[in-house]
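Can you build the whole structure from these sequences, using the hints too?
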Amino acid sequence: MSHGVDLEGRKPSLTPQVGGVLGTLVDWQAKINSYVLFVSMLALLAACLVLTLSVVMRYFLKWPTDWQDEVSVFLLIGAVFMCGAFVQSERGHIGISALEGFFSPAANRLRLLFCDIASLAFCIFFTYKTWSMLHEAVVEGQTTSSTWGPPLWIPYGLMAAGMTLLCIQMLLQILIALKTKGEAN
Amino acid sequence: AADPVTLKISHQFPGGTIDAGDFRDRLCRRFAAEIEKRSGGALKGTVYAGSSLMKTNAQFSALRKGALDMSLVPLNYAGGEVPETNIGLMPGMVTSYEQAAKWKNAEVGKALSEVLANKGVIIVSWIWQAGGVASRTTPVVDPSDAKGLKIRGGSKEMDMVLKAAGAAVLDMPSNEIYAAMQTGALDAAMTSSTSLISFRLEEVAKHLTTGRGKTYWFMLEPLMISKSVFDQLPKSQQDLIMTVGAEMEKFAMEQAKADDQAVATVYQKAGGKAYDLSDASVKKWQAIARETAWKNYGEKSESCARILTLAEKLL
Amino acid sequence: MSVGIIGVLYGLGTLIFMFSGMPIAFALGSIAVLFMFIFMPGSSLDTVTLNVYEEMANITLLSVPLFILKGAAIGKSRAGADLYLAIHAWMHKIPGGLGIANVFASALFAAMSGSSPATCSAIGSAGIPEMRARGYSPRFAAGIIAAGGTLGILLPPSIVMILFSVAAEQSLGRLFLAGIGPGILMVILFSGYAAFRYKKEYKEALDTYNQGGKKSAYLDAMRLTLYDKFRLLPRVVPFVTLLVGVMVALYGGFATPSETAGLGGILALCLIAVIYRMWRPSQLKPILSSTLKESTMLMFIIGMSLLYSYVMSYLHISQSAAESIVALSLSKWALLSVILLMVVVLGFFLPPVSIILMTAPIILPPLKAAGFDLIWFGVVMTIVMEMGLIHPPVGLNIFVIKNIAPDIPLKDIIWGVVPFVALMMFAVLLICIFPSIATGFPDAVYGLSTK
Ligand code: NA
Ligand code: NA
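Residue numbers (our numbering), protein chains in the order written: chain A, 446 to 630; chain B, -4 to 310; chain C, 8 to 458.
The set of hints was computed from the structure by calculation and includes no laboratory data. Even for Gly, the Cβ is constructed at its ideal location relative to N, Cα and C. It cannot be assumed that every hint is accurate.
[Claimed, not checked] These stretches of chain A come out as covered by chain C in the derived footprint (C-beta under 8 Å, 3 or more residues):
#, segment
1, 488 to 496
2, 534 to 540
[Claimed, not checked] Restricting the straight-line Cα-Cα distance to at most 30 Å, the calculated cross-link-like pairs of lysine-lysine (BS3-like) are:
#, chain 1, residue 1, chain 2, residue 2
3, C, K100, C, K210
4, B, K158, A, K507
5, B, K97, B, K201
6, A, K507, B, K278
7, B, K268, B, K209
8, B, K39, C, K375
Shown next as structure tokens:
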């Protein structure tokens, strides 16, 4: 299955092929991840450009530069949270695997399943709280307290969307593990 | 008797002891010691200095939700959540400690307290502090001096005034000021006298415009308590908190004035120069502020307009 | 329940969650939320995401992805390989020349980045494959990069020192300068070890080959004429241009530190576009996606560890530990030892930024009263916290390497860094015996400290 981007020297995706409805969902998620990754790449470049422009505008043109830092923060916060699911799909959120050798393969499967479920539980809580933070910011019309004062729903919204995608990604991985009895891991 | 209640008091300033260090930290520690003594240990305070509990910007929200008990923080930091609070650092709105001291019991103080109470926050101690400008190459005394300089105003309203004066205003975290000024990426920065001392800008900035005597830069940084926490306390403890809070205001004014002097000495010792503002200079800044920051504030909402009118009564 | 018991439970719980194999970020977040739920008022749970956002929404912290991009542009293009080829051509006669080159490259990158994981990532993405291709054992290669990366916060600019100077009310200029001497000391120590270790591995490789075993890449001698050496020299141009460009922007007063991070990223991308004709989207995608992958992994861990330290701070755990140490009223050096030991223990779980914020206000006054120069202590504390970056369970540099070279087992990385941790301890000892290693340089520039 394609993630839309070929990573140099990387092993093929850790997600096994599954058929049926689950397979379709997995494909969709992979597609969404690859689009999100692409947009995040643009955001990363944009953040660099904005900061570079800031130097040019202030040093050479003597213009005030009071919004560039915040734009970059929003772009980078957005990129980081939105890519959470993509990184999870590649099992890129690093953990300590030091105890792997002490367990039988069956016990390891259970351990990994436990880890995934515990991670999902945390992320669901976090995602829920992010949505309520977003809700509050929208209702109250909260902005940052800087001179530029952009609305806070922008970064909060990106956080909420990214965390939601991450939860879905984790849920799919757990379902796959249950369905394939963890053969893939 | 019931278990003692411990109030967590958070602030962003450098931590010290009750006798030495940043006066805003000492004020919190004195407050904690005093309420403990007078309540016979039923009420205590733990001070978290230097944003060691939570980030500066998270404090106000946490107070509102009751996740934080107390905080000493510049009021205008809450400007994104409660626009009325921007009055706390309105250039030219307060020009002396004597005028500042009138706010608490004047109509404007009552109006501001009302707004905050609706948002779940109560002011315990009204702390005002003057500030100044540290500048690298040329002193910034009159608005005309700011033209073409790269300045960090540090607040929304101050930035508006500076822009109108022709400065290239920039936004940067306060922990980068030193490095930026050292390299020349930044020409001047404005902040309170006490923070000017702790940022050690005298090593890289040779000119200081002080807040001694008169200035257009006054900041309200009150000690506040979460309303939901306050409401759960018995009446006697509520009264104790407000009484001790009011007593701290005198200490704050003495210390703030002392720091206005001290910062000048620091710069002179480091081989720099200190400049005081004349009445005429303050008036010039005030005139620009009236057309920019004040106007902008008054147009935000009816509530802001009302507070602006009330504040102008004290001019 | 006493703070001490809660503290022990928090530590144990963290270990269990982490060693279960859960991703570090979610393990830290889970244990933090669990303790919040049990020991803190219910309203705290409402501020979880706000705390994470406010901690992360800071351009100083978010410059980490930009530093990583700058490193990836070099490391994942031919610029990195060319740089190493040129360095190797000139240094291959020196035992461990390539390893030493990596230590120097780390130090140079550290001088344009304020963060250790970013330094580690920038140098490691080209350095590790290069060293392994030349026969270095994975363990050795990983150790050099992890340790070299720690220089990011010791050599100026440094995010950690900025925070320390504010907390300790010390001059940042002095503190930055004080990091340079120890930084050079560590470069020397690391280089010396690299040479020693190289000789050992080379001899082993030779013995294996002589006994009819496999021929290691160590034994592929490089025979280059002086002409060849000079011909290869222009290949360092991209890296040097980047270094000089960033330095001029930062120290010439054109850009603020965080702007420099963005500028460096653009400059690096422009250089590889012009020199290596790498400008097509298909060529840039691997650079950008690996940057995002690594940054996301790191920023999730950093964000959650700030949440983790918020709970620790609220429950007064580290503060109580620091307070009880102070209450022991120990002698001067005993006090220092115990405090550093505490920093080491906290380093098991927390990144340097959190350690400083929580402990500095409590430990600094007694240290000052005991007669220690706080600038000197800032440097010593930074080195001790650097050790925390390369030892488990939470060692950001280790995770970066795990990400760059996923096939090196964590166990090997950890064994690889052990000698370097020992060298850092040795450096701390040297700086205690000869304080002027740290204070000499700032004293020479600013005049003797008046404290
Ligand atoms: Na550095
Ligand atoms: Na560690």
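Here's how the hints hold up against the structure:
Under a criterion of three residues with beta carbons nearer than 8 Å to beta carbons of chain C, the stated coverage of the segment 488 to 496 of chain A is upheld, 7 such residues being counted. Coverage of the segment 534 to 540 of chain A by chain C holds. Counting CB-CB distances below 8 Å, 5 residues qualify, and the rule asks for three or more. With a CA separation close to 15 Å, the supplied pair C/K100 and C/K210 stays within the 30 Å bound. Among the hinted pairs, B/K158 with A/K507 is consistent with the structure: their alpha-carbon atoms are about 11 Å apart, no more than 30 Å.
Distance hint between B/K97 and B/K201 is unfulfilled; the C-alpha atoms sit about 35 Å from each other, more than 30 Å. The hinted pair formed by A/K507 and B/K278 meets the criterion: a straight-line CA distance of about 26 Å does not exceed 30 Å. For the proposed pair B/K268 and B/K209, the alpha carbon gap of about 18 Å is at most 30 Å, so the pair holds. Restraint check for B/K39 and C/K375: the C-alpha separation of about 27 Å stays at or below 30 Å, so the hint holds.
Going through the hint list in order, the structure does not satisfy hint 5, though it satisfies all others.
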